[in-house]
Amino acid sequence: MSEQVEQLIRKEYAAGFHTDIESETLPPGLNEDVIRFISAKKNEPEWMLEWRLKAYKIWLTMEEPEWAHVHYPEIDFQSISYFSAPKSYEDRPKSLDEVDPDLIETYNKLGIPLHEQEMLAGVAVDAVFDSVSVVTTYRAKLEEAGVIFCPISEAVHRFPDLVKKYLGSVVPQRDNYYSALNCAVFSDGSFVYIPKGVRCPMELSTYFRINEMNTGQFERTLIIADEGSHVSYLEGCTAPQRDENQLHAAVVELVALDNAEIKYSTVQNWYPGDENGKGGIYNFVTKRGICHTRAKISWTQVETGSAVTWKYPSCILKGDHSIGEFYSVALTNNYQQADTGTKMIHLGKNTKSTIISKGISAGHSQNAYRGLVRMGSSAAGARNYTQCDSLLIGDRCGAHTFPYIESAHPSAIVEHEATTSKVSDDQMFLCQQRGLDAEKAVSMIVNGFCREVFKQLPMEFAVEAGKLLEVSLEGSVG
Amino acid sequence: MAAEFQQQAIALASQQSVLGWLNDAREQGQLAWNTHAWPTRKTEAWRYTSLLPVENEQWQLSDTASDTLPQSALAELIEFDAYRLVFVNGQLRADLSSDLPASLVLFADANADQQSVIKQHLNQVADQQVHLFTALSSSLLNQGALLHLSKNQRLEKPVYIVHINDKANAKVTNARLLLVLESGAEAQVVEHFFSTDDQDRGWINAVTECSVGANASLRHHRINLESEQALHTGAVHVALAESARFNGFTVANGSRLKRIDYHIKHLGSGSDLQLNGIYLPRHQQRVDYHTCVEHVVPHCTTTEVFRGVIADSARAVFNGRIHIHQDAQKTLAEMSNRNLLTSDQAQVNTKPELEIYADDVRCAHGATVSQLNDEALFYLTSRGISEAEARVMLSFGFVNELVEGVELEALQQWLRPRIAHMFGQSDQLTRHIIHE
Numbered sequence: 001m002s003e004q005v006e007q008l009i010r011k012e013y014a015a016g017f018h019t020d021i022e023s024e025t026l027p028p029g030l031n032e033d034v035i036r037f038i039s040a041k042k043n044e045p046e047w048m049l050e051w052r053l054k055a056y057k058i059w060l061t062m063e064e065p066e067w068a069h070v071h072y073p074e075i076d077f078q079s080i081s082y083f084s085a086p087k088s089y090e091d092r093p094k095s096l097d098e099v100d101p102d103l104i105e106t107y108n109k110l111g112i113p114l115h116e117q118e119m120l121a122g123v124a125v126d127a128v129f130d131s132v133s134v135v136t137t138y139r140a141k142l143e144e145a146g147v148i149f150c151p152i153s154e155a156v157h158r159f160p161d162l163v164k165k166y167l168g169s170v171v172p173q174r175d176n177y178y179s180a181l182n183c184a185v186f187s188d189g190s191f192v193y194i195p196k197g198v199r200c201p202m203e204l205s206t207y208f209r210i211n212e213m214n215t216g217q218f219e220r221t222l223i224i225a226d227e228g229s230h231v232s233y234l235e236g237c238t239a240p241q242r243d244e245n246q247l248h249a250a251v252v253e254l255v256a257l258d259n260a261e262i263k264y265s266t267v268q269n270w271y272p273g274d275e276n277g278k279g280g281i282y283n284f285v286t287k288r289g290i291c292h293t294r295a296k297i298s299w300t301q302v303e304t305g306s307a308v309t310w311k312y313p314s315c316i317l318k319g320d321h322s323i324g325e326f327y328s329v330a331l332t333n334n335y336q337q338a339d340t341g342t343k344m345i346h347l348g349k350n351t352k353s354t355i356i357s358k359g360i361s362a363g364h365s366q367n368a369y370r371g372l373v374r375m376g377s378s379a380a381g382a383r384n385y386t387q388c389d390s391l392l393i394g395d396r397c398g399a400h401t402f403p404y405i406e407s408a409h410p411s412a413i414v415e416h417e418a419t420t421s422k423v424s425d426d427q428m429f430l431c432q433q434r435g436l437d438a439e440k441a442v443s444m445i446v447n448g449f450c451r452e453v454f455k456q457l458p459m460e461f462a463v464e465a466g467k468l469l470e471v472s473l474e475g476s477v478g
Numbered sequence: 479m480a481a482e483f484q485q486q487a488i489a490l491a492s493q494q495s496v497l498g499w500l501n502d503a504r505e506q507g508q509l510a511w512n513t514h515a516w517p518t519r520k521t522e523a524w525r526y527t528s529l530l531p532v533e534n535e536q537w538q539l540s541d542t543a544s545d546t547l548p549q550s551a552l553a554e555l556i557e558f559d560a561y562r563l564v565f566v567n568g569q570l571r572a573d574l575s576s577d578l579p580a581s582l583v584l585f586a587d588a589n590a591d592q593q594s595v596i597k598q599h600l601n602q603v604a605d606q607q608v609h610l611f612t613a614l615s616s617s618l619l620n621q622g623a624l625l626h627l628s629k630n631q632r633l634e635k636p637v638y639i640v641h642i643n644d645k646a647n648a649k650v651t652n653a654r655l656l657l658v659l660e661s662g663a664e665a666q667v668v669e670h671f672f673s674t675d676d677q678d679r680g681w682i683n684a685v686t687e688c689s690v691g692a693n694a695s696l697r698h699h700r701i702n703l704e705s706e707q708a709l710h711t712g713a714v715h716v717a718l719a720e721s722a723r724f725n726g727f728t729v730a731n732g733s734r735l736k737r738i739d740y741h742i743k744h745l746g747s748g749s750d751l752q753l754n755g756i757y758l759p760r761h762q763q764r765v766d767y768h769t770c771v772e773h774v775v776p777h778c779t780t781t782e783v784f785r786g787v788i789a790d791s792a793r794a795v796f797n798g799r800i801h802i803h804q805d806a807q808k809t810l811a812e813m814s815n816r817n818l819l820t821s822d823q824a825q826v827n828t829k830p831e832l833e834i835y836a837d838d839v840r841c842a843h844g845a846t847v848s849q850l851n852d853e854a855l856f857y858l859t860s861r862g863i864s865e866a867e868a869r870v871m872l873s874f875g876f877v878n879e880l881v882e883g884v885e886l887e888a889l890q891q892w893l894r895p896r897i898a899h900m901f902g903q904s905d906q907l908t909r910h911i912i913h914e
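Protein chains in written order, with the numbering used here: chain A, 1 to 478; chain B, 479 to 914.
Keep in mind that the hints were calculated from the coordinates and are not lab data.
One should not assume that every hint holds.
Said to hold, decoys possible - Below 27 Å or equal to it, Euclidean Cα-Cα: the simulated DSSO-like pairs (lysine-lysine) are: (1) Lys165(A) / Lys318(A); (2) Lys422(A) / Lys808(B); (3) Lys278(A) / Lys318(A); (4) Lys422(A) / Lys455(A); (5) Lys318(A) / Lys343(A); (6) Lys352(A) / Lys455(A); (7) Lys808(B) / Lys440(A); (8) Lys196(A) / Lys41(A); (9) Lys349(A) / Lys165(A); (10) Lys57(A) / Lys597(B); (11) Lys54(A) / Lys165(A); (12) Lys318(A) / Lys349(A); (13) Lys352(A) / Lys318(A); (14) Lys164(A) / Lys54(A); (15) Lys343(A) / Lys520(B); (16) Lys635(B) / Lys54(A); (17) Lys520(B) / Lys318(A); (18) Lys318(A) / Lys196(A).
Given the sequences, and given the hints that come with them, work out the whole structure.
Okay, here's the thing in structure tokens:
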């Protein structure tokens, strides 16, 4: 590898900076009092506290999962602080002008200045800075359409019936170790409700950012699309450079009622650790959606960050004729480890699912696709198509595929294909022979490799994703 | 429950008389067997297959061969010119076996040289720390067969090893086969397992180890057509040296418990593996194939094709794993697994895995699950073939492609009608696919 290439690989994490904003942080540790504190801090009603405590008790009985193809030092859950809120929480700003200038600066560095967001047509931002939503824009316009888009802590007060009915209905408290933990201590997150027949007038977007030393981030997102409605939700994350591992255990629940459609897009770029694998975020996320009759849920993700990723956005295709989609690009470099994929549970008749997964591993990283396609015994006429391709760059990385296919209905059709290869010499030759340098050629080839997924992303994200990939990959040519 | 059976097996082992020079191997086997954690439904390798049929029985060692076998059993033997070894309930029946070449012996008859070959290779190809029932096989080790071909030796006739079970009670048979091919040697081996009685409740634990030397070539066939009540746990372990070739073929119906592991290691560059498998469970049967191909060195190739037709309330499991080690550059590996479900209650769980640590490789796998193609059915029925017959023809065609890849003509001839009759009992349904 040329020196220049080496340099490019070693390129430091571009979004690595840390904004100093005073915040109210709880000392590390987890017990019932901590949960009571979090709950009290948010003025939560009694039922919410009960729900958290129940989850905590369940969590205590569970064990950390070990089946994933990732290795990391044991997490001491008592050394994590479970609550942190920017100080300005009590007097929440009414407009962008009132927002902490430091915050604005942070977003500027990330290239998503908030005051420009207003001009970016069709995007409302519920910016989550650490655990509390600080600013919400376009609220008025959304309210006009009847769309509810607010922090979940607010929804607990304003729409208790909806929250009670759906919270935990897709990812129950005892679903898995990290979701149970999230249920107990979740800090905040977004709540979205799209009323019957409404097409959300704009794309909803939340930027997350871990900003407080040693603070686990426990987001909780709940999106409910009522009958015949449509919503596209964007989630993106970047995190400042840190030395200590940070835990991120989010839960996202999607409910698509009859004929509704939810499109959920993620660009994930948490701090991946340095070139020696030191530091970085542990990203243990549970994302799941349930589709009722003729509903559709589409997950699109571009995963380039985190030291360890453990993430399986899933669809339960409960209603007849419902559709689930999963489009994923997962890129790992240096010592990153990713074990990601999806689960498509077909229960209804004529349900369809598509899985397109592209994994790219470079450096010393390990990148695994783990997916489940289950055709239940009632899934007559169900159809799945899965394609997972892996690209290897460098001879010290690994690419793995663990697809589970369970079929219990003869008329269900499952197709799975996977390929693994390196960047083809022929393609490189063709590009270079036409005057492109190796760098550019790889970038083009990789972008082409991921095209199927990128074209699913909303425009704003597609640009960011392309850029992210380019930065993360530049110079990985051997 | 679990540990209980592990103890039971050790107790069984102590009842046996044993060849003195195999003692060390037995002791190591028992050590490995005892250190295995007994699988539960949470154990990844046993996720879909229950070991209850093993646990729920009081097992005895099978030690007697029936004097008389029903004529129907003898008719099941494949008629072809081969060195034939017939075991009934694990005991050799010399009267049914043929004259053997010097290179093929029972462990009990091995001369000093052969004993040292056995000691040198036994459990060297197989990893009994990983494979539970291989550890059991070593724990119960008291006999087996060895085929040892010296350098460039080529066996004129195929080796045909038959295991017949005719016990209706719970007896466990331990079958062990060791194939050692020195460099440049060539052999064809057919292993055939069946039961004479539909009610046979016996259990056969059959482990085969193949050490294939440089430039050597081994064609190995394993036919598992036991009764529905029988239990089979088996494994084929293969180590391939430089430019060695292994051509494997396996076919199995299902039974109460049938688990077959193939574990192949490419240890010398330029080696080639072809592995084809067919599983055809019906009724309430279960069948579970686990294959693992390890590419340890560069420039090796693997082609693996498994097809299954799952009927009635049967369940099939296929877990195919290709593991490319860091040094195994320039590997070409392909795996395909296709399944047909022919009834509403049939189930299949398949998991084609790739684990890759080298970058300059081309690996692909594919898996499909579906039912018979409506258009193909329509095509045949529109030409005056009944739907029932069309189904038989299409199911047969689905797996026949692999049967045709079998080099031994006699085996092909023998296999075709048997497979056809699994899809359609009456001759009327199979008239277009078998010409007798």
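Okay, which hints does this one fail, numbers in order? Those not satisfied are hints 3, 8, 10 and 16.
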